[in-house]
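Peer 1: Single-letter residue listing:
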Amino acid sequence: MSVLVVAEHDNKNLKSSTLNTISAAEKLSEDIHLLILGNKIEDLAKSSKSIQLVKKVIICDHEKLENQIPELSSPIISNLAENYSHILAPSSTFGKNLLPRVSALLDVTQISDIIGIESQDTFIRPIYAGNAISYVQTDQKINLMTVRPTSFEKCEETGGDAAVENISFIDSEVKTTFVSREVSKSDRPELGNARVVVSGGRGLENSDNFKLLYDLADKLNAAVGASRAAVDSGYIGNEYQVGQTGKMVAPELYIAVGISGAIQHLAGMKESKVIVAINKDLEAPIFNIADYGLSSDLFQAIPEIIKELDLLNQIES
Amino acid sequence: MKVLVAVKRVVDYKVQIRVKSDNSGVETQNVKMSVNPPDENAIEEAVKLKEQGLANEIISVSIGDDKSQDVLRTSMAMGIDRSILVKSQNTLEPLAVAKTLKIIIDKEKPDLVLMGKQAIDDDSNQTGQILSALLNWPQGCFISNLKIENNKVFISREIDEGIENLETSLPAVLTCDLRLNTPRFASLPNIMKAKKKPLETIDIDTLGIDTSSKIKTLKVIEPPKRKAGIMVNDVKELVQKLKYEAKVI
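Sequence lines, in order, name chains A and B.
Counting in the numbering used here, the first sequence runs from 1431 upward without gaps.
Counting in the numbering used here, the second sequence runs from 688 upward without gaps.
Don't read these hints as lab results, they were simulated from the structure.
Note that beta-carbon positions come from the ideal geometry of N, C-alpha and C, so glycine has one too.
Any given hint might turn out to be false.
Said to hold, decoys possible - Derived lysine-lysine pairs resembling DSS-like cross-links, with alpha carbons at most 25 Å apart: (1) LYS903(B) x LYS1457(A); (2) LYS839(B) x LYS796(B); (3) LYS882(B) x LYS719(B); (4) LYS1703(A) x LYS794(B); (5) LYS1584(A) x LYS1476(A); (6) LYS906(B) x LYS1571(A); (7) LYS1605(A) x LYS786(B); (8) LYS1615(A) x LYS1442(A); (9) LYS1442(A) x LYS1641(A); (10) LYS839(B) x LYS1494(A); (11) LYS1457(A) x LYS1605(A); (12) LYS1710(A) x LYS923(B); (13) LYS1710(A) x LYS928(B); (14) LYS1494(A) x LYS1605(A); (15) LYS789(B) x LYS1571(A); (16) LYS934(B) x LYS1584(A); (17) LYS914(B) x LYS1703(A); (18) LYS794(B) x LYS884(B); (19) LYS689(B) x LYS1571(A); (20) LYS930(B) x LYS1737(A); (21) LYS928(B) x LYS1571(A); (22) LYS1737(A) x LYS839(B); (23) LYS1710(A) x LYS914(B); (24) LYS789(B) x LYS1457(A); (25) LYS1641(A) x LYS884(B); (26) LYS701(B) x LYS914(B); (27) LYS789(B) x LYS1703(A); (28) LYS928(B) x LYS1457(A); (29) LYS1649(A) x LYS930(B); (30) LYS928(B) x LYS1649(A); (31) LYS1605(A) x LYS923(B); (32) LYS923(B) x LYS906(B); (33) LYS1571(A) x LYS903(B); (34) LYS735(B) x LYS689(B); (35) LYS930(B) x LYS914(B); (36) LYS794(B) x LYS839(B).
Stated by the list, open to error - Anything over 12 Å on all C-beta distances counts as not near chain B; from chain A, calculated: (37) LYS1470; (38) ALA1475; (39) LYS1526; (40) GLU1583.
Sequences are here, hints too, so could you generate the full structure?
Peer 2: Written out as structure tokens, the structure reads:
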């Protein structure tokens, strides 16, 4: 049977989490349909139809869908459900906000944040902040799942020519209105998707000191992340938080600076390929999972690393 | 305004959990249990609404065995007026939890439902969203700020891109982020007082809903351990290792 992937996007471009979710869908079916709910999304529909794995792009284009209020989008999804064996959405704040509502409308139990697919009905998901891994099986009429993006490769965005189908908007009475979105603009790579992540913790001491981290990140073309302690202390915005209740990341290189390594932080980054920890406290638990540990004062170490990287670049050029 | 807070009893967040040797689950016997952390934020917010004169009655509900009374007593020690325990020997999935809460809500008729955005044991992050859909009430998830004025509700939600601000109305279901507030510690006199506050018990079998599991757990295993790393002596060695050994820069 066919699998439906609910696209995460900003009305102009797909978020990369959508491409990871399509790769997960490939493990379940060859007939993958991509559902895009939004406003003025003609161009987005055109660019999405070239995704090789997608057989059909389903579009619902309406001004009321501009801000993706889940009360409006969930009935549109549940209305399509009978055609599908599985409905998938990224396990981002977008998917977490939306898919459980669809599960309520369909009266099925959703499986959250899957990191692996064993078969059509058996899935792998982390529990207890990733300190245990659960294998679950279900025989429900339809399987709803949110997918952890970092556990699946991004699919190719080109090479396909999917059919495009427009469906009509179903209006619902909604009492919620969108006011505003406070989004920080940055030229650095997206945190969930970057090859290198440089993260700071309480050891940075204040928001001004985070500039040190930004300089290092720019040298490495890295995204910046933070521990919950740093966000709670107001050093940096919540969108940078890595951890159980923040973002999950799995870059090739993760550099933890002044982060002690609370369980809930490790949950968000321990799948990284190479982990570096820089902390003056030798007892910090972050060293237990680091490939390379440096026990040093970060205010000395970071400028030195930047200098060493500059030297390397000079030698190479 | 009447506020209902949903509270879950979970393994304390500081406990290093252990997977059972028969791989049937995670050990919860003889382990310190506590209020699910973001549920504490929900309790705190309800107590604040009462202190501000916006709420006149605040109640808490938990679903679980007799031991779940302790998290309800904790909520009353923080300032909740009275509690309801829906007694269930089985662990419920989010859909069944939301259906159970809906029955309590139909009876208690609160104007606002608050709960944590996620339980730190199964990390599902579903119950509030499902409940909002079942009630057909507005949904506000992952909130880090709440303001209520003349029946209007202004919320800030923590989203991956930053903050989203929404306006909605009562009744509503809101799920709380850890940054919404700082939960208070219950003082000893308040812990004593909480022992005398009303705690009603309802047997889940009397509610007439399907609470059976739809998801079967085949096995629970420990995550793969990372290979032990090395300590480097200085920055120069670190950069050399990253360049020539790990080849990641």
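Peer 1: Now look at each hint and say whether the structure bears it out.
Peer 2: Checked hints:
1. A threshold of 25 Å between alpha carbons decides the hint, and for LYS903(B) with LYS1457(A) the separation of about 21 Å falls inside it, so the pair holds.
2. Using a Cα cut-off of 25 Å, the hinted pair LYS839(B) and LYS796(B) holds, with the two alpha carbons roughly 18 Å apart.
3. Under the criterion of a C-alpha separation no larger than 25 Å, the hint pairing LYS882(B) with LYS719(B) is consistent with the structure, at around 20 Å.
4. Among the hinted pairs, LYS1703(A) with LYS794(B) is inconsistent with the structure: their alpha-carbon atoms are about 52 Å apart, more than 25 Å.
5. Between the alpha carbons of LYS1584(A) and LYS1476(A) the distance comes to roughly 19 Å, so the proposed pair stays at or under 25 Å and holds.
6. With a CA separation close to 23 Å, the supplied pair LYS906(B) and LYS1571(A) stays within the 25 Å bound.
7. Taken as a hint, the LYS1605(A) and LYS786(B) pair is honoured in the structure, with Cα atoms around 22 Å apart against an allowance of 25 Å.
8. Distance hint between LYS1615(A) and LYS1442(A) is fulfilled; the C-alpha atoms sit about 16 Å from each other, no more than 25 Å.
9. Of the pairs offered as hints, the one joining LYS1442(A) and LYS1641(A) is violated, with about 31 Å between alpha carbons and a cut-off of 25 Å exceeded.
10. Distance restraint check for LYS839(B) and LYS1494(A): the Cα-Cα separation of roughly 21 Å lies within the 25 Å cut-off, and the hinted pair is therefore satisfied.
11. At most 25 Å may separate the alpha-carbon atoms for a hinted pair to count; LYS1457(A) and LYS1605(A) exceed this at roughly 39 Å.
12. Between LYS1710(A) and LYS923(B) the CA atoms are separated by roughly 17 Å; this keeps the pair inside 25 Å, and the hint holds.
13. About 20 Å separates the Cα atoms of LYS1710(A) and LYS928(B), which keeps this hinted pair within 25 Å; it holds.
14. Of the pairs offered as hints, the one joining LYS1494(A) and LYS1605(A) holds, with about 13 Å between alpha carbons and a cut-off of 25 Å not exceeded.
15. Using a Cα cut-off of 25 Å, the hinted pair LYS789(B) and LYS1571(A) holds, with the two alpha carbons roughly 24 Å apart.
16. For the hint linking LYS934(B) to LYS1584(A), the alpha-carbon distance of about 22 Å falls within 25 Å, and the restraint holds.
17. About 11 Å separates the Cα atoms of LYS914(B) and LYS1703(A), which keeps this hinted pair within 25 Å; it holds.
18. For the suggested pair LYS794(B) and LYS884(B), the alpha carbons sit about 20 Å apart, so the restraint of at most 25 Å is met.
19. About 38 Å separates the Cα atoms of LYS689(B) and LYS1571(A), which puts this hinted pair outside 25 Å; it is violated.
20. The suggested pairing of LYS930(B) with LYS1737(A) holds, with an alpha-carbon distance near 14 Å, which does not exceed 25 Å.
21. Distance restraint check for LYS928(B) and LYS1571(A): the Cα-Cα separation of roughly 52 Å exceeds the 25 Å cut-off, and the hinted pair is therefore not satisfied.
22. Proximity of LYS1737(A) to LYS839(B) is assessed by CA-CA distance (about 54 Å); at most 25 Å being required, the pair is judged violated.
23. Of the supplied pair hints, the one linking LYS1710(A) and LYS914(B) holds, its CA atoms being roughly 22 Å apart against a limit of 25 Å.
24. At roughly 36 Å between alpha-carbon atoms, LYS789(B) and LYS1457(A) are farther apart than 25 Å, so this suggested pair is violated.
25. A distance of roughly 51 Å separates the Cα atoms of LYS1641(A) and LYS884(B); the hinted pair therefore is violated under the 25 Å criterion.
26. A threshold of 25 Å between alpha carbons decides the hint, and for LYS701(B) with LYS914(B) the separation of about 24 Å falls inside it, so the pair holds.
27. Distance restraint check for LYS789(B) and LYS1703(A): the Cα-Cα separation of roughly 44 Å exceeds the 25 Å cut-off, and the hinted pair is therefore not satisfied.
28. Annotation: proposed proximity of LYS928(B) to LYS1457(A) is violated, straight-line Cα distance about 37 Å (limit 25 Å).
29. Under the criterion of a C-alpha separation no larger than 25 Å, the hint pairing LYS1649(A) with LYS930(B) is consistent with the structure, at around 14 Å.
30. Taking the CA atoms of LYS928(B) and LYS1649(A), the gap is near 17 Å; set against the 25 Å cutoff, the hint holds.
31. The suggested pairing of LYS1605(A) with LYS923(B) is violated, with an alpha-carbon distance near 59 Å, which exceeds 25 Å.
32. As the CA atoms of LYS923(B) and LYS906(B) are separated by approximately 45 Å, the hinted pair breaks the 25 Å bound.
33. Between LYS1571(A) and LYS903(B) the alpha-carbon distance is near 15 Å, which keeps this suggested pair within the 25 Å criterion.
34. Distance check on the hinted pair: LYS735(B) and LYS689(B) sit about 13 Å apart at the alpha-carbon level, within 25 Å; holds.
35. Restraint check for LYS930(B) and LYS914(B): the C-alpha separation of about 20 Å stays at or below 25 Å, so the hint holds.
36. A C-alpha spacing of about 24 Å is found between LYS794(B) and LYS839(B), which places the hinted pair at or below 25 Å, so the restraint holds.
37. Even its closest Cβ contact with chain B, about 19 Å, leaves LYS1470(A) beyond 12 Å, as expected for a residue assigned away from the interface.
38. The beta carbon of ALA1475(A) is kept farther than 12 Å from every beta carbon of chain B, the shortest such distance being approximately 22 Å.
39. For LYS1526(A), the requirement that its beta carbon stay farther than 12 Å from each beta carbon of chain B is not met, with the minimum near 5 Å.
40. The beta carbon of GLU1583(A) is kept farther than 12 Å from every beta carbon of chain B, the shortest such distance being approximately 18 Å.
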